[in-house]
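Build out the structure end to end from the sequences listed, making use of the hints.
Chains as they are written, first to last, in the numbering used here: chain L, 1 to 445; chain A, 1001 to 1309.
Just so you know, not all the hints are guaranteed correct.
Said to hold, decoys possible - Distance windows between CB atoms, simulated:
no.: 1; chain 1: L; residue 1: Val438; chain 2: A; residue 2: Leu1102; range: 56 to 64 Å
no.: 2; chain 1: L; residue 1: Asp184; chain 2: A; residue 2: Pro1135; range: 54 to 62 Å
no.: 3; chain 1: L; residue 1: Ala394; chain 2: A; residue 2: Ile1294; range: 56 to 64 Å
no.: 4; chain 1: A; residue 1: Val1159; chain 2: L; residue 2: Lys358; range: 50 to 58 Å
No lab work stands behind these hints: they were computed from the structure. If you're wondering where the values come from, they're calculated on a predicted model, not measured in any experiment. Glycine included, each C-beta is placed from N, C-alpha and C at the ideal position.
Now for the letters of each chain:
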Amino acid sequence: MNGSNGGCAARRPKTRASAEICNNRQDGKAIGHSNYIDTLDRETKMTIARYSLIAAAVLAMTACGKQEPTKQASQPAAKSDASAPAKSANIIKIGHAAPLTGNIAHLGKDNENGVRMAVDEINAAGGVEIAGKKLKIELISEDDQADPKTATTVAQRFVDQKVSGVIGHLNSGTTIPASKIYSDAGIPQISPSATAVAYTAQGFKTTFRVMANDAQQGKVLGQFAVNKLKAKKVAIVDDRTAYGQGLADEFEKAAKAAGAEIVKREFTTNQETDFNSILTTIKGVKPELIFYGGMDAQAAPLTKQARKLGIKAPVMSADGAQTPEFIKLAGADAEGTYASIPGLPKEQLPGGKEFLAKFKQKFNTEVQLYAPNCYDAVMVMLEAMKKAGSTEPAKYLPALSKVDYSGVTGKIAFDEKGDLKNGAITIYQVKKGKWEIVETVGGGK
Amino acid sequence: MDIFLQQIINGLVVGSVYALIALGYTMVYGILQLINFAHGEIVMIGAMVTITCINFLIGHNVNLPGPLLLALGLAMAIPVTMLLGYLIERIAYRPLRKAPRLAPLITAIGVSIVLQQAAMMIWGRNYRAFPAILPSDVVEFGGASITTLQIAIIALSIVLLIGLFLLIERTKMGRAMRATAQSPDVARLMGVNVNNIISLTFMIGSALGAVAGVLVAANYDQAHAYMGFMIGLKAFTAAVLGGIGNLGGAVLGGILLGLIESIGSGYLGDLTGGFLGSQYKDIFAFLVLILVLIFRPSGLMGERVAERA
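So this is what it looks like as structure tokens:
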């Protein structure tokens, strides 16, 4: 303790060389030593530097290795699946990937629920009829932890398990690296929520998405901010993910084109909870609007902290923050925040009311964000399989790109890149603790 | 200038919380030469228990002023974390006290993961919002804003720190703790119950951790099962920066780290012409750790102690 820690703090070595010798000598002996007093004696020689570095290294290793257990747990299962081809002949395997742990696990669960609802409904009805045979669907749901590295591992696992198609991933940052693996394996991938432009711009034939992308979303938001909200000085923050960065770039382009000045561009990460430093810097340039490109887990504390620092400018974000969770986390400070989602308002969707009621009944929770899109993504994939009369990726892929389907979220047809044709964007604002529709741009029912 | 002042305030608030947590690391290190990596999780559990308790009270229409509710929540969380701290030491560390020192270190990391997963099972994977019971009045001075809560954080930290110093320097129990830190065997010969003292150290550290966890959760209005990892790592860095094993060092290290982070991330973008943005905020803590380890392995306040030892 203070001024009295004999055995604890290390003796500062007189010279660096002697310290090293001392360390090296004890290295081999100290491990495996069992005499307490003797060990203590030696331990005083051990420098803190050495100790802390070992500790940090071990900790870093565990931090990186956190996904190990799930990997090991699911691999044997995968093997047993593959070794029973006879059974799986009457089964369509569909993979779903989203973060099921971590700070946006609520969104991952929402996506999974959307997919599960579609799968359960079809299985309950005895399966889907493809080429005269009733087939049941097996859903393989994986946790990609919103981490690009994990996402590629998950993608490879899907390929190894020979899934017929993949619904996912949730984040653009995970969808993009995974899409290369699916493309190489020829497996069609429909993302229900990855809005980054780059996803379908890679020239892959297997990439599809069932909502408008960030080029449209950023443009609509940028024009809305300048033309309707009359914001001339705008500060932009993004979380440096493929989604947040891409969206913020598109927003910046549109806002500049409409005549606004970008007074500050700041960055954070998708793990951060403390935004006081960047908000303080932003406060200094007095913006009339703060745009955040990222997810609700950051948008909410950012909004709260802005108010605490006395920043009155409204916060604007996009689909990542347009969730009930945002209002829950930001509380009263959520009031007045703007955010958009690709697509028509949930309640105004062609099959919206019915879907929301069924969802609530089945999972006893509200739809967060993209569950309806996930539901439709499964249906569109099955529609293409029915048309092609096959569950083979190579055979139904051409049918998927030509699909024309009316789902819960509206009409679904893809352009040559795999983007949704005629995607709508809806802007919302928090009023009295609820997301209220401000306006809808584009799209056809 | 007002921006700079604001960054200082931001840094002091974060720093005082780091200091409280760093004390937990440094006290245990002072006595056992063990880095208790599960301490970050204690902080998280302190926050979670308090939130659950406050929500329970609100749910049962207990109509009390916010600070009192918070005090009740803390009154629940502190015994829970103290018990947890005691159990961790009793179950995970005591059987390994004579083992090679790498063994308890690995165990510490294991305990940390177990607690994190357990918290995920109990409280779920989502962020939990901190109940809006505290006044969020903003006080303005010199162009900078500080909330009453942030003033309370700094004040409460100072009170706790003074209390801890008095406990360790002025009481019989504190003397026993210092003696145990110096030499457990001699302390035992002098009639000190070393095992009790070690348990006590864990419990005091855990109580401080619980308070810190609640302050963090209240300040950022949220808590989640993973919050302990990063904040624990930062506080550990603060303890090493100040000189691990040294109480004053932990406080100095915590405040310094908070200031470095706040000012660093506030000006990094402008200083590097936009090349490095504020998203690299976390590197400051670890950059500091590396520099300290290279140039001053015993920490800022470690040297004096080391020479005397």
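Tested hints:
1. L:Val438 to A:Leu1102: 56 to 64 Å: Taking Cβ atoms as reference, L:Val438 and A:Leu1102 lie about 59 Å apart, which means the hint holds.
2. L:Asp184 to A:Pro1135: 54 to 62 Å: holds (57 Å)
3. L:Ala394 to A:Ile1294: 56 to 64 Å: Taking Cβ atoms as reference, L:Ala394 and A:Ile1294 lie about 57 Å apart, which means the hint holds.
4. A:Val1159 to L:Lys358: 50 to 58 Å: Given about 55 Å between the Cβ atoms, the range holds.
Consistency with the previously given hints is maintained throughout, with no hint failing.
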